[in-house]
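**Q** Listed here are the chains, written in short residue letters.
Protein chains: 2
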Amino acid sequence: MGSIQVPESNVDVLIIGAGPSGLMAAAWMAHCGVNARIVDKRGTKVFCGQADGLQCRSLEIFDSLGFADRAWKEANHMIEGVCLLIRLQNPGNDGVIRRSDRIPDTIVGLSRFQQIVLHQGRVERFFLENIKKYSKDQIKVERGVLPESLEIDLSKVDDDSAYPVTVKLRQLSEEEATPPQVRTASKAPDGLFRSNLVQEDDEEDLIKKSQARSGESEIVHAKYVIGCDGARSWTRRALGFELDGEATDFIWGVMDIIPITDFPDIRMRCAIHSAENGSLMVIPRENKLVRLYIQLKEVTPDASGRADRSKITPEIIFGAAQKILSPYKIDYEYCDWWTAYQIGQRVGTTFDAHSRVFLAGDAVHTHSPKAGQGMNVSMQDTYNLGWKIALAAKGIAKREILSTYQSERRRVAQDLIEFDHRFSRLFSGRPAKDVMDAEGVSMEVFKDAFLKGNMFASGLSVDYGASMLVVKAGDSLKQGDGSKVLRAVTAISEEDFKKKQSLASGLPVGMRFNSFKVLNQACARPWHFQERLKADGRFRVVLFAGNILDAAQKARVDKFCAALDAPESFLHRATPPGAPIDSVIEILTIHSSKRFDTELLRDFPAILHPFDPHTGWNYDKVFVDDESYHEGHGEAYKNYGVDKQRGCVVVARPDQYVAWIGELEDFDDLQKYFEGCLVLGNRSSNANGTTLPIRQ
Amino acid sequence: MGSIQVPESNVDVLIIGAGPSGLMAAAWMAHCGVNARIVDKRGTKVFCGQADGLQCRSLEIFDSLGFADRAWKEANHMIEGVCLLIRLQNPGNDGVIRRSDRIPDTIVGLSRFQQIVLHQGRVERFFLENIKKYSKDQIKVERGVLPESLEIDLSKVDDDSAYPVTVKLRQLSEEEATPPQVRTASKAPDGLFRSNLVQEDDEEDLIKKSQARSGESEIVHAKYVIGCDGARSWTRRALGFELDGEATDFIWGVMDIIPITDFPDIRMRCAIHSAENGSLMVIPRENKLVRLYIQLKEVTPDASGRADRSKITPEIIFGAAQKILSPYKIDYEYCDWWTAYQIGQRVGTTFDAHSRVFLAGDAVHTHSPKAGQGMNVSMQDTYNLGWKIALAAKGIAKREILSTYQSERRRVAQDLIEFDHRFSRLFSGRPAKDVMDAEGVSMEVFKDAFLKGNMFASGLSVDYGASMLVVKAGDSLKQGDGSKVLRAVTAISEEDFKKKQSLASGLPVGMRFNSFKVLNQACARPWHFQERLKADGRFRVVLFAGNILDAAQKARVDKFCAALDAPESFLHRATPPGAPIDSVIEILTIHSSKRFDTELLRDFPAILHPFDPHTGWNYDKVFVDDESYHEGHGEAYKNYGVDKQRGCVVVARPDQYVAWIGELEDFDDLQKYFEGCLVLGNRSSNANGTTLPIRQ
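From first to last, the protein sequence lines stand for chains A and B. Each residue of the first sequence is one higher than the one before, starting from 1048 at the first, in the numbering used here. Each residue of the second sequence is one higher than the one before, starting from 1048 at the first, in the numbering used here.
Think of the hints as simulated: they come from the structure by calculation, not from any bench. Mixed in with the good hints, there may be bad ones.
The list cannot tell twin chains apart, which means a pair is met if one copy fits it or any two copies do.
To be verified - Using 25 angstroms as the maximum straight-line C-alpha spacing, the simulated BS3-like pairs for lysine-lysine come out as follows:
#1 1581 to 1120
#2 1545 to 1335
#3 1335 to 1183
#4 1641 to 1215
#5 1581 to 1344
#6 1685 to 1719
#7 1203 to 1606
#8 1370 to 1691
#9 1344 to 1120
#10 1187 to 1445
#11 1641 to 1499
#12 1545 to 1719
#13 1255 to 1494
#14 1180 to 1120
#15 1203 to 1691
#16 1335 to 1581
#17 1545 to 1494
#18 1120 to 1441
#19 1358 to 1499
#20 1358 to 1335
Being a predicted model, the structure only gives us computed values, none of them experimental.
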């Protein structure tokens, strides 16, 4: 065997694991045109079960990639949430419904999307098709491929052109790559093989078996590696990193069934706290399915932390559900999938090694699935990381921005497990018998947690701290470990920041760019502004041009645009020679004059609608905050909290987070922002060239 | 060759021609599970150019099939229309814009969709994927297949089980099936081979050539044949049918380009009437493309009706456009497609032969493409016809309903060509010099036509006359030729009809079922009600249940439901033994009580949310007219003009047209409606069986 040549190759980015987190990373590479590979040890993709709640923020992200509409169309929409307390069955109360509260499941006005439910297999399908389309078939998931060793050449980690990470990959046989689903006598496939109740680090076994065969391995040299390989991450173990946290005694079962029941709220999200029999959560799904999360009071782990496997059957789980729901009756003929898990919350201490190997998703945080958070937070990890790696790999951004991954995402993971910790214990606890029962959980406390959970579950409360990428007050070292990158150049005092933030009070720096409707100046089409912030790796400078018909304001806009269009501006210097002027940074304008009174070509400087000698003027970059014919008035200035006369300038990162706010006169600060995070070239030879009008 | 056995086979429906009209017919067969074939003489599908405006109604129809979202996402949305008069270039007026009017391109409030523009190739792609999905790969377009002969066995045309139409089909070679696109020296593909300026009945040639080869033909026996084979329809000629009408001297050119221009309204639909140089229409499209319709004043047909081909080049067409647009400048580097046509309007005298062979689309009506009507009306022809043939072929509906195709669609075609006739002449005419110039077209007249065109172009003004399928006042014989089928059983006096119509004044009988938002009672999800009227071949009885919490009203609802659920009701008798109760006719309920005060299982009779022993209660059939959390109040009762206390009953046909309106007490009339058009079985053995609740 020693004589066989093992093939070697280079790749910019190697992604290990093709779940939602790995696929999100691959999607960025596809959208940014980065040379990447993605491997997964499993031979087949997930077809049913597993995580399935999609937050508003995840849908906004899907929209930035181009497939939110597909998820929105197929999913069950979560509209109403209900808290119920089912007390002991007293004579005469049969069939009487006691809803303690009915609330909108997504807080009204938070996002243009609402929370939906769709199983992970469909989400992965959307990703696969999207990656195929945008990478022009270049990036495909390589299945049945297992990493065997990982080495980082420390002498090369600071060299931009090097491939310092070496990974040995092994191709498994079809049999080896097939997960041992359907282990029990039950007809429905179970997910126990991925449950934390069953130990299943099979990599070593698989590698040993595979090594007996020859010629099935290869060596890959990568600039960057992203480990998205789940709670028992091989990549994490290869790096020797740990998860901090603990497990509890609470064990829950999960079943996806088509219910046959007289329980009236089966098509709403219900949190049911029974007096004696434990708790249950109802999550209505697509295709008549309902997911039940069922507290298994009669199953507890032994001293070793393992539960009695014989007690984990669909029959026992469903029996517990029937008890909790009594006096209502529930039954099923069809079960789509089931599993069980032990509640535990853990978070990684370190999210990356030398800014060359990164961990994301379950590989750095695990928690209970009930809050519907797992898939979302995992995808959002790599939505944060992917563009940073892509821009670094392409030489557009400085490699230093990569350290913001840990500072931004570890705090989110910590918030998540803290929330989950409180929520899970509350939910698994005994309900209070009456107001004097201090040990039990009162209905009020329970309901409060349910409401707070809704805000958290939207994914929209994420607020990144100060860094070279986010110009706001605060010390990056206090924002989270690893943020050694805040530059003096972008540092800002608390007082100054308050002033800048007040220019666009509806766009908090560090949070995602909220969306309101604006009209295209040239054709009057209404757009949710976020629809114009596509995930293509570009930063956006959003010029709120204010009242462009006012001569003084027009002069301010002209001056800002003249600075933008100067050869030494960040815009020209960021643009590669010969490339269109909007290749790296796109300028988008929203003005507040009446659309009927303004003319794109007459009233707006050419740099705002750049001229291309092959395709003419650009009609897709200038928008107006005005009434639409068919879809009302977006009131964008009002909602963004921007002055209609004077406007302001806002930078959105490629992942739609607000990065910088300033006056039209703050061009120098804006220039410094981009000098801080991007690799800028010399005076661009493009300057003025791309904006030459045809009419002199 | 005589010794070779020609294969023979039976098929329920044979569709000739796979343009939008034929594909719509095939889509119905796929959605209704009918055994069908679709053939096209061309070897490849259309990739660019051709008709591209999509009316509101076409989008509603696409939504009923399941792909409106795809068209909506890719298309350019037509928001604003502009009428412009460009006068002679006087010194000093350079660059001054004179818009005579700016109006919404789609009348506000007419539909949940607005008019969009997307080229035919994408529309055909959506159809092909939809047909593949719903027919489970059973129906595929067979390309390069030409019909050679068609015979109808008159002795069998009244036999439901017979296959009276015999068609001989011939498989062409790849070369024969390739259309002679790109004939000129121009780089852009041209569409002249489909233009009415070029005679091109190549079937005979193709058949002759093909006959020289052996073993390439087959014989198909069909129950029904639909000829969707275009303006020079082979099917129409095989039947010996004629088109009535005339051509004019007006010749227009069409170009799809990416314009490089300083003309300010290039991204709006513009009707431009120049003082001296003729007219131009601007239709902005997707991907920066713009379609220009250009009047060619310098090209006229000769005595034989043919134009001088040497004058039909992109250069000459574009030169005319530049003249019309002056003093604005226009140029292009990229041309996607171009063609030219002679304005003419013709309509078929007869739309079917013995209710066995039908003609649809351009095969029975031709007109100028400028009004953006062609593809829409053609698709709507087969949207009207397809479900009728499908239900007749399946034995669900009586074959007599097929004669309503001609009575309903010929009038639409006549209206269309009449409109087109007036509009085209107006548009091609000379603009008036001043108010005294009686021979010229005044700006006011021109603008008025533009506005009227918008209403017509929505596709929503279609109003079908009285027939066995549409219960309204009027004599079917006067509604249109061929309507020999109005039955005494559904005839209604003018006075009685007024009363019935007043029960739902917002749902005119004969017009499409308008859409407003309602909420699902069980889960609070808002739906545009039309989204629940999917194209699956089912009739819908919409029960406006009124105030269900009022005891007297509840008694009315209970009585209506008891009649529905009786074994002899049309509902049970229309349902095949063993099939779900909603297989042929679906009952949908909209009530007007507050959602929070009502309970699906408690307040609504079981027949309104039927119980299935395998999947439990149905949660998708009862809706409420109430405020939603995120999308406002649909005010459905108010908009439909239905009394909130008493409600009413409305029947929607499978194609969403309103067919019948009555009181809850008019059950007998409702029964008669379905006895008139459907094949009803005996007392159903399902009665009561499917609605047994689990709780006694």
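**Q** Could you work out which earlier hints the structure fails to respect and list their numbers in ascending sequence?
**A** 2, 4, 5, 6, 7, 8, 9, 10, 11, 13, 15, 17, 18, 19 and 20
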